[in-house]
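Participant: These are the residues of each chain, in order.
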Amino acid sequence: MSLLQIDQLSVRFGATMALDSLSLAIAAGETLALVGESGSGKSTAALAIAGLLSHQATVTGTIRFDGQALTDWRGVRQGGIAMVFQDAMSALNPVHRIGAQVVEALRLPRAEQRVAAARFLDQVGLPQPERLVDAYPHELSGGMRQRVGIAIAVAQNPRLLIADEPTTALDVTIQAQILALLRDLKARLGLSLLLVTHDLGVVAETADRVAVLYAGCLMELAPAAALFTSPHHPYTQGLLEARPPFGTQAPMLAELVEIPGQLPRLDPPPAGCRFAARCDRADQRCRAEQPVLRPIADTLVACHHA
Amino acid sequence: MKPGQLGQVVRRRLAHAVPVLLVVALATFGLLKLAPGDAVDVLIATGGGGDAALAADLRRAYGLDQPWPAQLAHYLWRLVQLDLGYSFVHNRPVSHLIWERLPVSLLLMASATAFAVGFGIVLGVSAGQTPGGWRDRLILSVGLVLYAMPSFWVGLMLILIFAVKLALFPVGGFETAASDLTGIARVLDIAWHAVLPTVALALLFVSVYLRLMRAGVVEVASADFVRTARAKGVGATRILWAHVARNALLPVVAMVGVQAATLLGGAVVIESVFSLPGLGRLAYDSVLARDLVVLLGLLLTSAVIVIAINTVVDLVVAALDPRVVAR
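Keeping their order, the protein sequence lines are chains A and B.
Numbered as in the numbering used here, the first sequence ends at 306 without a single skipped number.
Numbered as in the numbering used here, the second sequence ends at 327 without a single skipped number.
Same shape as in the complex, but just chain A:
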């Protein structure tokens, strides 16, 4: 049985359809990458799964964690679902000490808090954890802060860790360290990992399976290896072509193949395939009829032409 099972999850902000009928599952111990450009609904999906959307959002569909449909997330904050955020700079409260923030929700006796906090900071590879317990966020570098963010998540003893663009705000070298840490924690603690990113390099290094979102719709769901070798959806193909080729000299701007056009407006979303307006294979049917996901080998693709 899957650890996380999402069925027909839709999120609206007023008239805007931010996420449209997303269905997917994450197995225990699996890493699923949720990729897409800004505005594709990937962060919205992550926040919906973590139960952290604002009150303005209208959510329909079901999210099952460990077989239980989630309506109230209080039960899964400890021992269930934890989340690491994109901007570690602002994700920590500036006026509280690091240690206090790590163990804040644990209801530990005061005497045990420092030791517990230091232990979690040590787990995420922070040096001198006993001293860092008393530090404030502004005294730490960006990479250290992101490690603290991960320590806060680890302190919840989660089974599913959602990482929403955990490396976007960091230097490239620090990015690699944070990804290595996530992989390490995943192996050590037996976590499932939902990795939200727009960075296909991160996906290739980390993910078992990849879900490609576009304009709130799931376009392709494939094992990572299959996605990179034989992408089926025209959007996925476009994404892969838009990457600088690996191992070559820094490419000239002209050598990068871009996907023409931009995301459609989603208030309301267009009829038919969301990608039709930017797709060179789009025809009459694409513009009228929204494609449903269908299996091709071990991949699911939402395209009439794939």
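Please keep in mind that the hints were generated in silico from the structure rather than gathered at the bench.
Glycine residues also receive a C-beta, built at the ideal position from the N, C-alpha and C atoms.
Don't take each hint at face value.
[Stated by the list, open to error] Some chain A residues flagged as far from chain B (calculated, every beta-carbon gap over 10 angstroms): (1) T60; (2) G61; (3) Q78; (4) L92; (5) D184.
[What the hints assert, rightly or not] Listed next, with one range per pair, are the computed distances between beta-carbon atoms: (6) Q68(A) / G133(B): 32 to 38 angstroms; (7) A261(B) / N157(A): 49 to 55 angstroms; (8) Q128(A) / V312(B): 31 to 37 angstroms.
Since the structure of chain A is already known, use the hints to place chain B on it.
Facilitator: Showing chain B alone in chain A's frame:
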């Protein structure tokens, strides 16, 4: 705040205070010189007259026959020794007069600030929790009304309702006259007298702080670290106070320093309304008696009070926000 930072904040404040006080001292000296006549004229007028020879003798005795730079140096040197001059109206040194009245004013200012900050925080959080809701609109409207009411009028109305009609509080005064109360009974008596003046002075500031607090709460509520707190399972009440209100409080505390001068000005008015023997009353009486020396002493004292309040506020801000000293 780390131990060494306390000294750092105080030192930085004092370094700013010296030039400010110097400017105020120069201004008071200038006013003293620009005013028609001098101390000897006042002395002779209040003493019932005297001839030109007496005036010349006195001027020599007080150093008023010297050129003004020498007089200025003399004046500044006396200030350094905390000598604010001599009031011939009261026949006492000005510093004694001020020193005697200072506790009354400081007590009024402190209690009004505590009242205003306390209610400002509670009302601001209450309003900011649901921006646009009925509670928010009600509190903002009441705040606006409080802001629009002049404090002397509020004071008079409070006297009329709570002292005259309901007889719950005394009409005025600092404590019950000739009551020989001591210890805790005297403290309670003073507190009982302080209620109406405190409220009258504080209401204006309640509206200032509640608006600031509300704006802070609304802004901080959408901060990323609040989402982090929700993600880790912190309860709603703790999120509101330990994360949202705790951060929204910082500009409110900083504002207390900015408002220090307004607070002092308000205290002068309220002391007159409630016949409290504070600095405000002293200033009022000195104006009526044309006691320029006392007024200038009060001017300097006011500057010192405002600087002192700001120093305290700086220390509180540094204690509340670990980023301040680092900056």
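Participant: Out of the numbered hints, which ones does the structure contradict?
Facilitator: 3, 4
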